[in-house]
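**Q** Sequence positions in the sequence shown follow numbering that gives the first Met the number 0 and run 0 to 437.
Be careful, since some hints might not be right.
In silico EDC-like links for lysine to aspartate or glutamate, alpha-carbon gap of 16 Å or less [stated by the list, open to error]:
(1) K14 with E144
(2) K140 with E280
(3) K426 with D352
These are calculated hints, taken from the structure and not from any lab test. Small disclaimer: the values here were computed from a predicted structure and weren't measured.
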Amino acid sequence: MELRRVEDELKSHCKSWRDLCRPSGGACNGDSMPTLKELFSKLNDEDIFPPEPEEEPEDVEDDIQMKEGEKMEKEEKTYKEECLDSDKNSTENSTIANSVPVSKPALSASESIAFSDSIFIGYMGPEGEEKGMTYHEMAPKQILERLENIKASLTALAPKINKFLKRLAEKDPITRKPRYGEKAMIRVKHAVRAYKALEIGISGTFQGHTIPESTEQSSLVSNLQKQIQMQEEQMDEQRQAKQTQEQIELERIANEKLLAEKRETEQRLLEEQRKREAELELSRRAEEARRRRIEEEQLALAAEREADANLLSLVPTKGPEGVRDQIERMRQALKEDRAAFDVALGSLYTLFDQISRKPEEVSFRRVRRDHPKFNEDIGRHVGGKEVLIAAGFRLETLDGVKCFFSREPNIEHDMNGWSDWFDGLKKTLEVIEEEMIK
0 MELRRVEDEL KSHCKSWRDL CRPSGGACNG DSMPTLKELF SKLNDEDIFP PEPEEEPEDV
60 EDDIQMKEGE KMEKEEKTYK EECLDSDKNS TENSTIANSV PVSKPALSAS ESIAFSDSIF
120 IGYMGPEGEE KGMTYHEMAP KQILERLENI KASLTALAPK INKFLKRLAE KDPITRKPRY
180 GEKAMIRVKH AVRAYKALEI GISGTFQGHT IPESTEQSSL VSNLQKQIQM QEEQMDEQRQ
240 AKQTQEQIEL ERIANEKLLA EKRETEQRLL EEQRKREAEL ELSRRAEEAR RRRIEEEQLA
300 LAAEREADAN LLSLVPTKGP EGVRDQIERM RQALKEDRAA FDVALGSLYT LFDQISRKPE
360 EVSFRRVRRD HPKFNEDIGR HVGGKEVLIA AGFRLETLDG VKCFFSREPN IEHDMNGWSD
420 WFDGLKKTLE VIEEEMIK
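All chains, please: the whole structure from these sequences, using the hints.
**A** Here you go:
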């Protein structure tokens, strides 16, 4: 199984080498790598393998020879299974493996050649590789990683390869025959050849050759390292340029943001200034309107007070005589309109009659100055309002309404005052009755 693992690893590295030599491989300024065929052609078996031990005459017992034969048969059977597993896609290899008779301890010359060729193809790969084919498309770093991986693996495989070479020169202490059977020996030799071929290739890629007229040594690996360094420098420059561009872009965005914020702040301040000015203008106008309203109210109040004063001045005499005087003024003013005069007297009589009947009823003693019915029947005539003033009504504002109001004295605290007030109402009613009879 150790040989099988070594074979698999070497085949994997041979495949990697072939990939590096194909047009779909790497790129290294036109450098070329030797193909596996070229590397194998540089090998000399005499320099690699020790002389094969000569077989001694068979002087051992038959049972010992039988045991050695069984051992070889087991080894050949095991390898047959391994060949079927590893080369199941190769019809030629499968055919050769299936054609090996397990029971035979040795191969014929043609079978040995066929078996050797099948093993060799496992390392070389399909035919058609072109000599010195330039590899490209693969990054130098990938190429270098593959080469370093192959080199490290070859270093690790060196003890095993040396072990195989040592066993090739040894004989079995019992049978006095070579350690390996014929098939195993073919496999070992091909594995060693693949190892040595890869070792030559790796040595060439890492050590290179000396440039004429120069002490410097050029190799594929050194060229790859230079390219990697150049690429890294270019990438650093690109990253730096990108970072610089990004920084410039960030600064531009930041400046635009600051400018936008500044414009927004200026716009907001301007709008706030306009709003304050508008509020101040509204406040100024409201203040002017308030002052005008107050002035108008004051003028209206003054005019009202003046009118009230004029109204009161028209009633020099209070009480029944004053009522009689105001009714006379009304008669003179309405001497051409007797019906209006009669309506005025009738309304006055109704008003004072209600108060006399129910003096405690406030609604009878309060007459709105702007009441339409009052003004139509009484208030619009000369002496109409004056009759109420003469009868003791006062000009007051109750619940925000201007009215003529006859205030009733508190009967509990001022009995005499209440009696005088009520007597005045009755006398006013008598005067009105007398004037209605005339």
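**Q** All hints are to be evaluated individually against the structure, with a verdict given for each.
**A** Comparing the hints with the structure gives:
For the suggested pair K14 and E144, the alpha carbons sit about 15 Å apart, so the restraint of at most 16 Å is met. For a cut-off of 16 Å, the pair hint linking K140 to E280 is broken: about 78 Å separates their Cα positions. This hinted pair checks out: K426 and D352 have alpha carbons roughly 11 Å apart, not beyond 16 Å.
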